[in-house]
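Take the sequences, apply the hints, and build the full model.
Residue 0 is where the sequence shown starts when you use numbering that gives the first Met the number 0, and the numbers rise one by one after that.
Watch out, some of these pointers could steer you wrong.
Under the rule of at most 27 Å between Cα atoms (straight-line distance), these lysine-lysine pairs were calculated in the DSS-like manner [what the hints assert, rightly or not]: (1) LYS119 - LYS140; (2) LYS80 - LYS92; (3) LYS80 - LYS119; (4) LYS140 - LYS29; (5) LYS29 - LYS92; (6) LYS119 - LYS92; (7) LYS107 - LYS80; (8) LYS107 - LYS119.
What follows is a set of in silico ranges between Cβ atoms, one per label pair, in the way DEER data are often shown [said to hold, decoys possible]: (9) LEU132 - ARG247: 52 to 60 Å; (10) GLU182 - ARG304: 37 to 45 Å; (11) LEU316 - GLY273: 21 to 29 Å.
It is worth saying that the hints were derived from the structure and are not from the lab.
Ideal placement from N, C-alpha and C gives every residue a C-beta, glycine not left out.
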Amino acid sequence: MAAMVQRLTRWRTLACALLAALMLAACAPKPDAELVREAVQQQLDAAFGARVLQIESFRRAGSQPLSGRDGRLVYFSAELKLMSDYHFGEWDKHNVGTLANLLGAGPKGITGLGGNGNLKGDTLRVNGSAAFLHEGTNEWKLVPTAPAPAVDTALPQAAAGAAVLPRPKEAPQPSEAELALDELRALLRAPTGPTLSTAERDAIVTEVAQSAVRQARARLARSADTITLAAGPASGAYEEVARALAARAAQAEVSFELPDSDGSVGNIRLLADGAAQFALVQNDVAMAAYQGQGRFGGAAQPELRAVASLFPEAVQLVVRADGPIKT
0 MAAMVQRLTR
10 WRTLACALLA
20 ALMLAACAPK
30 PDAELVREAV
40 QQQLDAAFGA
50 RVLQIESFRR
60 AGSQPLSGRD
70 GRLVYFSAEL
80 KLMSDYHFGE
90 WDKHNVGTLA
100 NLLGAGPKGI
110 TGLGGNGNLK
120 GDTLRVNGSA
130 AFLHEGTNEW
140 KLVPTAPAPA
150 VDTALPQAAA
160 GAAVLPRPKE
170 APQPSEAELA
180 LDELRALLRA
190 PTGPTLSTAE
200 RDAIVTEVAQ
210 SAVRQARARL
220 ARSADTITLA
230 AGPASGAYEE
240 VARALAARAA
250 QAEVSFELPD
260 SDGSVGNIRL
270 LADGAAQFAL
280 VQNDVAMAAY
290 QGQGRFGGAA
300 QPELRAVASL
310 FPEAVQLVVR
320 ADGPIKT
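Below you can see the structure in the form of structure tokens.
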């Protein structure tokens with residue numbers, strides 16, 4: 000009897016352990032860090048050759064669903080050790096652009112790159128991402144990133160004499176504008192966290208980006224000797240007036256730009272930012288901005304000047320027929 004009880008106890012312990020293991024496996028993030036690490040290493044080997052870059056440390060840093068597909072976009076931080084000398088600035092072989100593309104990294108996602116190349120033993124630190132599709136019950140497959148083919152430098156003997164153009168040793172550096180756009184794209188790929196949905200994040204980025212585009216267009220127009228008139232949103236109350244002014248200016252061969260804005264308050268802000276030269280603004284809003292009241296509290300703009308006035312808006316006062324006001 001005692002032996003039977005002992006066996007039952009042992010089986011119960013094993014069953015509990017198995018159940019706990021299954022529960023832990025179900026809760027583990029998929030695809031797991033080891034699978035992602037192995038897939039990234041295989042991509043690096045396929046592009047740069049066996050063990051030019053070796054992953055020394057790897058940390059899974061979260062994931063999010065792939066838009067419109069059954070999969071996950073996994074974020075990671077890793078350290079890559081160079082197993083041989085390599086120049087990522089060479090134009091005729093896989094370079095820093097290829098590396099960033101393979102690792103899903105932004106312009107500031109890779110550090111440790113040397114301007115004159117990297118030596119064996121150097122370490123690159125990466126914040127990147129990898130996309131995986133869910134296939135089957137527990138199968139995850141990396142969405143491969145195909146690098147651009149490297150240029151074959153083994154020229155035939157007959158063509159060697161024709162190759163007289165100098166080859167740049169350094170990859171062209173991206174401009175500040177390109178870096179800013181890359182950072183904006185990186186924001187759209189970053190995990191949102193528990194309190195912000197993907198749609199909310201995209202709406203925030205879109206709102207800021209559209210505002211920046213409007214201001215950039217207005218300032219470029221000013222730089223091109225163009226008069227910029229902030230008149231409000233398309234199909235707004237002052238659109239016809241603004242277009243009539245633009246047509247009159249065109250007759251005088253004056254370039255006229257009408258940036259899209261958020262109405263009177265937005266027009267005042269475009270003036271303050273130097274993104275517009277003239278604005279159509281309601282009287283009460285102009286006075287509030289001039290005195291620093293209301294939505295402009297603490298930020299008076301005494302430099303504002305009225306250069307013209309449109310027809311006054313009609314105002315109707317309505318009172319009760321049986322009230323004390325008769326005239």
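**Prompt:** When the hints from earlier in the document are held up against this structure, which numbers fail?
**Reply:** Numbers 1, 5 and 11 - these are the hints that the structure violates, sorted from lowest upward.
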